[in-house]
Structures are given as C-alpha cells and as structure tokens.
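Trainee: What follows is the residue order along each chain.
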Amino acid sequence: MSQKVSVRLTVNGKAYERRVEPRYLLADFLRHEIGLKGTHIGCEHGVCGACTVMIDGRTARSCLHFAAAVDGAEITTVEGLASEDRLNPIQQAFHEHHALQCGYCTPGFLMTVTEFLQRNPSPSRDEIRIALTNNICRCTGYANIIEAVAAAADAMRGQAGRS
Amino acid sequence: MKPAPFEFFAPRTREEVLELLARYGDDARILSGGQSLVPLMNMRIVQPRILISINKCPELSYIRRSDGHLACGALTRQAEAEDSAEVRSACPLLSEAMPLVGGAANRNRGTVCGSMAHADPLAEPPAVAVALEAEMVVGSAGGRRILPAEAFFVSELTNAMAPGEMLEEVRFPARRDARAAFVEIANRQHGFAVVGVAAQLEMDTAGLCRSARLAAIGVGPTPARLRAAERVLEGQAVTDLTLKHVAEAARETIEPVGSFHADAAYRLHMAGVLARRAVAQAMGSGQRGA
Ligand SMILES: Cc1cc2nc3c(=O)[nH]c(=O)nc-3n(C[C@@H](O)[C@H](O)[C@H](O)COP(=O)(O)OP(=O)(O)OC[C@H]3O[C@@H](n4cnc5c(N)ncnc54)[C@H](O)[C@@H]3O)c2cc1C
Ligand code: FES
Ligand code: FES
Chain A
1 MSQKVSVRLT VNGKAYERRV EPRYLLADFL RHEIGLKGTH IGCEHGVCGA CTVMIDGRTA
61 RSCLHFAAAV DGAEITTVEG LASEDRLNPI QQAFHEHHAL QCGYCTPGFL MTVTEFLQRN
121 PSPSRDEIRI ALTNNICRCT GYANIIEAVA AAADAMRGQA GRS
Chain B
164 MKPAPFEFFA PRTREEVLEL LARYGDDARI LSGGQSLVPL MNMRIVQPRI LISINKCPEL
224 SYIRRSDGHL ACGALTRQAE AEDSAEVRSA CPLLSEAMPL VGGAANRNRG TVCGSMAHAD
284 PLAEPPAVAV ALEAEMVVGS AGGRRILPAE AFFVSELTNA MAPGEMLEEV RFPARRDARA
344 AFVEIANRQH GFAVVGVAAQ LEMDTAGLCR SARLAAIGVG PTPARLRAAE RVLEGQAVTD
404 LTLKHVAEAA RETIEPVGSF HADAAYRLHM AGVLARRAVA QAMGSGQRGA
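Just so you know, the protein sequences line up as chains A and B, in that order.
Throughout the first sequence, residue numbering follows the numbering used here, covering 1 to 163 in sequence.
Throughout the second sequence, residue numbering follows the numbering used here, covering 164 to 453 in sequence.
For the record, the hints were derived by calculation from the structure and aren't laboratory data.
Among these hints, one or two may not hold up.
[Unchecked claim] Simulated pairs of lysine-lysine, PhoX-like, Cα-Cα distance not exceeding 25 Å:
hint, chain 1, residue 1, chain 2, residue 2
1, A, Lys4, A, Lys37
2, B, Lys165, A, Lys4
3, A, Lys4, B, Lys407
4, A, Lys14, A, Lys4
5, A, Lys37, B, Lys219
6, A, Lys37, A, Lys14
7, B, Lys165, B, Lys219
8, A, Lys14, B, Lys219
On a predicted model such as this, the values are computed, not experimentally measured, just so you know.
Pulled out of the complex, with its shape left as it was, chain A reads as follows (with noise of 0.2 Å):
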C-alpha cells in the first residue's frame, strides 16, 4: 500500500478533508469518503459516462481522476442540482418525459445535459444526439433522453425570459 496523503475537496458547495492513497479515484472518493452514491460507476475506463461530474464547473469523467490529482477543486454532483425540495429544470423534464427506467445511467447525462445547455441554450435534435454520445444508456432507447433534453432547453429558456 502506498502513503496516503491529504485531499481537499469542495463538494456542491461544502469543503471536505480525507487522507486516502493516490491512486483512489475522485469517484471512489465521492461515494465512500463522502458517501454521496448519486455519482455511479460503469466502466471504469471513461466510455460509459455514468460518473460524470463537474469539476470546477466542467465536466468530467470521475473514473478518470485521482481524488490527489484534484486536490483544491470544486466539485459538483448530481446532488447538487436540486434545490432542498425541487428539482430542477433538466431533472423535472427527465421525470415528466420518462428519460430514465433504472435511472442507473441519469446522474451521468444530467451532468451532461446541464453542461451542454449552458453553452448551447437552443440546441436542434442533431446537436442534443451529438452531445450524448459519450453518454451510454442500456435502458431507454435514447429516444425519451433527447425530448427531455429538448423539453429542459425550452423550460429553461421560457424561465430565462420571464426572469
């Protein structure tokens, strides 16, 4: 085993500090030292995209990252998306376009999806598909996860006007 050393994280907001071996990954550390399970794991080689978090506000694969070699991020989960009672735009259209069937791979794409409106507000079809295809979902088809996604573009955009 090797030495563990210190890592500082800010997770949704809130600072945390462990002592872990380098080689844990950012994943292993949201889960287990955290215990925020909202963040899940597929593959383990960044193509699944079930991981995905934000990292100082991009996203990136948490399988892909040791929690030593992010030491000082910020760092957002799916948890952070929801305000304490509601969820937000991108999850209330997931829900109400049924988008998820085991939800196993809905952490990953909302990540996604959230990074992606914010550079693309409006998005056509071809583009929402573009973006997701580093997204794997074994349950749905894919086709439920492109309306939402569209849904959520002009939610957010009917908000972003009336604001």
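Given chain A, work out where chain B with the ligands should sit, using these hints.
Mentor: Chain B with the ligands only, in chain A's frame:
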C-alpha cells in the same frame, strides 16, 4: 478494476517536473489529462511506480503566438484549443480536429500534448501535427530539443522521447486565411475513427492552391502524410478533376494493413475517398461522395 499503488507527485513548476523526471527516469510517468493513462492504469495494463501530475503547473497551460507559430503548452486542454479564436484563425485544422476527440467531458480534461505523447494511431491531434509539420518541443533537466512531428511519432503508442523527457509544447505554423477539414469514417459517429483524413489548404487570390497539407489516420501505425496528394493540388484550381486526382494520389503513398474493423483494401479505398472529401469540405464546396 482499481489501479496498482504508486507514489504521487504534484509539482508546481516546470523545473520541478523536470527534476522529478530526471530523478525517476523510466519508473516515472507524466499525468496530464489522464484520459488515456488512467483507463490503462484502472485496467492495470500500465502500472507506473511514480506518477508526476503536471496539473498544478499553470505555467504549462497557454496558447501563444510567436515567431510565426501557434504554441500549445503541455497543460493546454483540448477544450481550450477547441474554443480558442486564436487557434481558429491561425491553425484551423486543429480547431476542426478537436470536436472529434472523444466527448466534451474528455476534452475538458485531456490535453493537446498528452494526445501527442500517447501517440494512438487513430488519434486526431497527431495527424494535425504531421500534416502541418508541427515542431515538438521536448524538454528534460539537461535542456530542450525540437523534433519534427513526423520523427516524433515512431510507431503505435510509441513516441521518440527518452526517459526523463517530457513534451513541453507543440508549435504549429501559424497561417492566415487557411481553410481546413478533418473527415472520418467510424463505426459510430463520434467514436474512434476507422480511417480519417486531415487537410489544410491555402489559396491565392487567383483561386489557385498555394499550399496543401494532408495526413491520414487508420492507414498505418502513425499518421501518414499524403505528399503525392499535396503535389496534385499545389498550383492548381480545385476542380472535380483535381479532386479525382487527389483521391488517386492519396492511395499512392500508403500501405494500410487490415484489422478487425476494416481490411486493407477498404482502408486504401477510403483514404482516397476521404482525402477528396476533406479537400472539398475545406474549400467550403460541401461536395461529398466517392
Ligand atoms: C471515452 C474516450 C474516448 C476517446 N476518444 C478519442 C478520440 O476519438 N480521438 C482521440 O484522439 N482521443 C480520444 N480519446 C483519448 C483522449 O481523450 C486523450 O485526451 C488523449 O489521448 C491523451 O491526453 P491526456 O492529456 O488525457 O493524457 P494522459 O492520459 O494524461 O497521458 C497519456 C500518455 O502520455 C503521457 N504524457 C502525457 N502528457 C505528457 C507530456 N506533456 N510529456 C510526456 N508524456 C506525456 C502519459 O505519461 C501517458 O503515457 C478518448 C478517451 C476516452 C476516455
Ligand atoms: S464509470 Fe466513468 S465513464 Fe464509465
Ligand atoms: S435508464 Fe437504465 S441505463 Fe439508462
């Protein structure tokens, strides 16, 4: 699937990185974006004893114009190159290649230099470097040397760097008004390519091609410069006939080997088709087809 134990360093400066590399030589690996290295470590295909992260060295992260070059530092993320207006104007082929490199989450972390160092035969950034005759700035505690891209890529997953060295910077020649396209055929859109061609052209005011740079992936262990196709274009207007000759010439200089995804004859054929498409797309004619 968890990585084997290693000792971890996160130096703050370029100098410290090079000192550590000198101290640990063959036992050490650089960690940049981790998008290729960490999967290999998770699968325990690679088990470095020492891991040196350059992610805490802000001085290695830049996109810079100087002496006719556009330089990307060792820590410049692929997403930064993708979004950079400077890259778009001086080196449009790099801008065209970036969206093809994995997904947004990979490009947010993966670096331009890490892709070069990894030297995957199907990776797009090395093809850009070979096509444009990029200079690879390799540093060690003993000093710096500059390798032409074609000499840097030795074979599949093998570059010309020695233990103790790191890729500090890639320098692409800066151009004005160049046009570019990177086209591929893949098993699924936005997956790794089966065959791909990168093309960057400069046209003179009379509509003749002043300079053409082409390279192909998926036709050999390293990106293959398509020099015969370049010669067909230079000094010519890009017409249907020129495009036909580009396709033929692209096939002259390569000898692809078949593999699981496509046999040699298909790869050879597609290299021609894609060379023609890349040039047509770069010209903005939107011309497609075989
Ligand atoms: C799901 C997925 C899909 C992908 N699809 C594509 C694709 O379609 N096209 C494509 O081109 N790539 C693709 N990639 C790989 C790409 O994302 C990587 O970013 C890139 O290959 C490596 O860059 P990195 O910065 O992540 O390097 P790392 O993974 O950190 O390092 C890769 C190797 O290079 C060495 N290294 C890194 N930086 C340096 C340096 N400065 N000096 C010396 N050695 C160094 C490391 O020690 C390691 O051996 C994909 C990856 C994933 C996970
Ligand atoms: S678990 Fe990280 S991408 Fe699959
Ligand atoms: S809902 Fe089951 S994997 Fe996507």
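Trainee: Next, verify each hint and record whether it holds.
Mentor: For each hint, the structure was consulted:
1. Lys4/A with Lys37/A: The hint holds at about 23 Å.
2. Lys165/B with Lys4/A: holds (16 Å)
3. Lys4/A with Lys407/B: Roughly 62 Å between the alpha carbons, so the hint for Lys4/A and Lys407/B is violated.
4. Lys14/A with Lys4/A: holds (22 Å)
5. Lys37/A with Lys219/B: violated (28 Å)
6. Lys37/A with Lys14/A: Given pair Lys37/A, Lys14/A holds - Cα atoms ~16 Å apart, limit 25 Å.
7. Lys165/B with Lys219/B: holds (24 Å)
8. Lys14/A with Lys219/B: holds (22 Å)
Of the numbered hints given earlier, the model fails hints 3 and 5; all others are met.
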